[in-house]
Amino acid sequence: MSGTDQAAPANAVRSEVPALAARGLAKSFGAFRALKDVDLTVDAGEVVALLGENGSGKSTLVKILSGYHEPEPGGSLQMNGLDVPLPVPLGEARTIGLSFVYQDLGLAPNLQVVENLFVGHRVGGGAGSFARIRWGSERERAREIFESYGVKLDPNAQVGRLRPTSQALLAIVRAAEELREYRSGHAHSGGVLVLDEPTVFLPEHEKVFLFDLVRRVVADGIGVLFVSHDMTAVREIAHRAVVLRDGAKVGDVAVSSASDADLIEMVSGHRLERSVIEAATTYGSEAAAQAGGEVVMSVKNAQGGRARGVSFELHAGEILGIAGLLGAGSEDLPYLLFGDVPGGSGQLKLPDWSGDLTTLTPSRAIKLGMALVPADRKQHGAVAELSVGLNMLSLSLQKFMRGGFLRLDRLIGTANERAEAYDVRPRNAALNMAALSGGNQQKVVLSRWLEQAPRVLLLHEPTQGVDVATRHQIYELMRERAAEGVAILWVTTDFDELATVAHRILLCAHGAIAGTLAPPYTRDRITSEVYSATARGASREVTTAS
Amino acid sequence: MTTNVDNPAEPGSAPNPAGAPSSGSRPSRIFNARVAEATMLPVAFVLVIALFAILRPDTFFQWSNFTSIFGLNSVELVLVMALLIPLTNGDLDLSVAEISGMTSVLVGWLNVNHGWGIVPAILVGIAVGIACGALNGAIVVKFDVNPFIVTLATGSVFDGIAFWLPNQQTIPGIAPQLTQWTQLNHFLGIPLDFWYGIVILLVMFYVLTFTPFGQRALFIGQSREVARLSGFKVSSTRFWGFVVAGMIAAISGVINDGVLSSATPQNQGTLLLSVYAAAFLGLTTIQPGRFNAVGAGISVFFLAVAVNGMNLLGAQTYVQSLFYGIFLVVAVVLSRVIARRRAANASG
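Keeping their order, the protein sequence lines are chains A and B. Taken in order, the first sequence gives residues 1 to 546; the numbers are from my numbering. Taken in order, the second sequence gives residues 1 to 348; the numbers are from my numbering.
To be clear, the hints were calculated from the coordinates, so they are not data collected in a lab. Take these hints with a grain of salt, some might be off.
[Said to hold, decoys possible] Taking lysine-lysine and the BS3-like style, the derived pairs with C-alpha atoms no more than 25 Å apart in a straight line are:
| no. | chain 1 | residue 1 | chain 2 | residue 2 |
| --- | --- | --- | --- | --- |
| 1 | A | 349 | A | 399 |
| 2 | B | 233 | B | 142 |
| 3 | B | 233 | A | 367 |
| 4 | A | 300 | A | 378 |
| 5 | A | 367 | A | 399 |
| 6 | B | 142 | A | 399 |
| 7 | A | 349 | B | 142 |
| 8 | A | 207 | A | 349 |
| 9 | A | 349 | A | 378 |
| 10 | A | 300 | A | 207 |
| 11 | A | 300 | B | 142 |
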């Protein structure tokens with residue numbers, strides 16, 4: 001395929017000078033070359049997707065643009081036709097027409113929407129710091145701004161109480177406003193909005209709001225650099241895709257001329273066969289017949305969080321998928337069954353224990369052979385500032401006691417063996433967790449729990465923020481464990497994933513199980529069934545409420 | 001709400017005093033940088049000694065001066081050990097100096113004013129210290145409030161009790177056996193109280209580095225959430241951290257009685273600042289990024305030697321306050337700089 005051809009973006013508002021033109025960007029960390037002479041252009045009014053596995057150099061490139069990393073000498077950066085000296089001064093990116101929205105959005109959850117929106121106006125020092133803020137007119141302006149982007153947001157709302165999608169929209173509007181200001185000082189041209197994986201934590205059906213907003217921003221003539229793993233999102237809004245692998249640019253193609261398989265192949269190199277992706281979808285139906293071992297966990301009327309009476313049985317050797325939209329209650333289920341939801345109740349029956357969920361704690365759940373892989377890796381999954389080895393083996397510390405001494409050298413040695421077994425890169429368990437990419441961190445979290453040889457594995461969004469190749473490694477790993485008899489509960493809003501891995505799928509809506517979905521499983525079928533189950537539940541609620 | 005201490009340094013990725021793990025992929029340059037970091041303070045220590053030795057060879061650079069520094073700073077040496085478990089857990093305990101001061105007054109009061117034997121007085125003093133720590137821990141854990149504020153408040157209460165018991169008077173004439181067994185009896189030419197501090201240091205080093213308890217505390221200090229979902233008993237670990245802190249603080253109070261042969265209720269601000277300066281200075285050395293016993297112990301004597309040297313050069317006693325304050329800031333800034341540089345090296 002025409003991997004490195006420079007393709008013309010479709011439907012883009014063209015301008016003579018590119019909004020961003022970087023040449024020969026390179027960066028090494030010690031002996032490791034994270035980025036090798038990468039060129040990147042973003043035209044005005046163009047959406048360029050930046051694709052690549054975790055560790056491919058994407059985040060290094062973004063961090064060079066934000067000024068966090070100093071690139072090696074020899075590179076150059078032009079913004080809107082003007083030479084910008086490198087490194088970009090940290091915190092000054094917006095003065096050269098660059099604005100960033102990261103995955104964590106950078107919003108203050110306890111403050112109001114309007115306070116978050118105009119925080120950029122408060123950066124100037126001096127006497128202006130003490131000028132009176134007229135909140136009435138600020139709110140009015142906020143409303144006008146939201147209107148101009150076609151976004152419905154209440155300026156008075158507390159940001160932390162907004163849905164994740166609304167928070168993402170707010171963050172993007174704020175960044176786009178910064179660029180509008182830049183453009184008003186630069187003959188209304190230039191400006192690049194960098195979106196660093198903004199769709200990861202959003203439910204599938206709400207991403208359209210985000211796409212609409214991005215289209216509006218682009219229509220103004222602003223360029224967008226869209227960093228993402230989400231192929232659907234890329235296909236939806238990007239004109240051109242730039243693919244990085246091992247720090248080098250391996251592809252620069254018009255999205256319309258490349259298939260998903262083409263893109264995935266560029267991202268992952270030779271490692272992922274196309275047939276694997278295509279065959280995977282039919283896997284569920286075959287394997288469903290094989291599943292059906294003894295019941296290892298039976299749940300009756302589990303309540304807590306958004307779950308309001310969930311009952312099901314989980315068998316040895318099966319991967320049971322729970323499909324539900326965000327807010328359906330399925331997202332609370334893994335934590336509820338692990339004894340980590342305050343006020344959770346319901347009957348739980350395991351082979352050697354049965355009782356009420358009110359008496360269950362995480363430490364007890366672990367003793368009973370349960371394991372939980374939480375969705376939010378940064379908050380709940382692993383400690384970035386401790387070593388990979390400690391994160392991996394924190395539950396097995398007793399095994400490394402020799403004569404009353406905890407032998408960390410042995411621990412690191414064992415962790416290095418596990419890193420080899422689970423393909424954690426780099427293979428150095430003494431490194432801090434923070435040095436690993438998202439996909440590799442997730443492998444560490446998984447290996448920590450697999451080390452305990454659990455009978456029941458509770459997974460919540462286990463591939464969130466994980467690159468395509470690692471995703472398939474995780475699927476394979478879970479299938480192997482299921483084949484060995486581990487019962488796996490897989491809760492996710494990624495229905496493509498469920499279609500790929502699940503032996504059996506339960507639909508969850510309005511806090512309860514709405515039914516079992518019969519195979520064959522495809523993403524489209526799961527999606528439509530979940531939506532109709534949610535709609536049915538909603539109408540029943542209306543009738544019973546009256 | 002969790003109230004983790006803003007740990008200024010990112011703990012080293014090779015927390016491994018028992019020998020570095022084999023890591024072929026790692027350039028030796030970085031390893032050397034790490035060794036340089038870990039030994040920065042000991043090297044500075046030697047330089048400071050050399051400087052004062054040149055300036056005041058007759059008074060400073062004498063073995064007798066060093067033994068007296070060792071003997072007279074055992075209270076600080078013991079007290080800094082009290083801080084380590086709470087700090088590793090991500091908790092600040094600001095009441096340790098007051099627990100120490102109150103215990104020292106209590107033991108003297110029981111022994112002198114009430115005619116108790118010294119041994120029962122000491123046992124009661126230590127029990128009270130444990131109770132004070134348990135009070136701190138219970139309030140912090142049970143009601144999930146910021147330990148910074150709680151221990152600031154309880155410390156003030158303990159301080160008040162210390163002044164109240166002896167009616168704001170110094171209690172002279174504490175049983176001479178206590179002075180015998182702390183200040184007067186020597187081992188290897190150094191007063192025994194120094195060796196008590198060393199024993200507690202070794203125990204603390206062992207607990208933090210070589211036990212699962214210490215490693216779990218690290219996780220708890222870094223992320224309460226991860227620790228809880230790993231099944232660690234977060235609340236009870238934090239509680240026992242405060243209890244142990246109270247106990248060790250009480251021991252330092254008893255040693256103080258022995259060193260001075262009397263007990264005086266006094267403001268403990270300088271003592272608190274000196275032990276925090278030592279704990280945070282210790283964060284930059286030996287096991288950089290970790291609150292570690294050996295680093296904290298070296299830091300106590302680094303600060304003590306520097307103050308002693310300046311006194312011999314003619315500085316007044318207020319130089320201590322000045323100096324400890326400056327060093328607390330320097331230590332915190334230094335550990336932050338190290339962490340930043342390391343984070344820049346690690347991310348890719």
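Going through the hints against the structure:
Taking the CA atoms of residue 349 of chain A and residue 399 of chain A, the gap is near 29 Å; set against the 25 Å cutoff, the hint is violated. The hinted pair formed by residue 233 of chain B and residue 142 of chain B meets the criterion: a straight-line CA distance of about 13 Å does not exceed 25 Å. For the hint linking residue 233 of chain B to residue 367 of chain A, the alpha-carbon distance of about 13 Å falls within 25 Å, and the restraint holds. The hinted pair formed by residue 300 of chain A and residue 378 of chain A fails the criterion: a straight-line CA distance of about 31 Å is larger than 25 Å.
The hinted pair formed by residue 367 of chain A and residue 399 of chain A meets the criterion: a straight-line CA distance of about 16 Å does not exceed 25 Å. Taking the CA atoms of residue 142 of chain B and residue 399 of chain A, the gap is about 32 Å. The hint is violated against a cut of 25 Å. Of the pairs offered as hints, the one joining residue 349 of chain A and residue 142 of chain B is violated, with about 31 Å between alpha carbons and a cut-off of 25 Å exceeded. Pair hint residue 207 of chain A plus residue 349 of chain A does not hold up; C-alpha atoms about 38 Å apart against a cutoff of 25 Å.
With a C-alpha separation of about 31 Å, the suggested pairing of residue 349 of chain A with residue 378 of chain A is violated against the 25 Å cut-off. Distance hint between residue 300 of chain A and residue 207 of chain A is unfulfilled; the C-alpha atoms sit about 34 Å from each other, more than 25 Å. The straight-line distance between the Cα atoms of residue 300 of chain A and residue 142 of chain B is roughly 31 Å, outside the 25 Å bound, and the hint therefore fails.
Consistency with the previously given hints fails for numbers 1, 4, 6, 7, 8, 9, 10, 11, ordered from lowest to highest.
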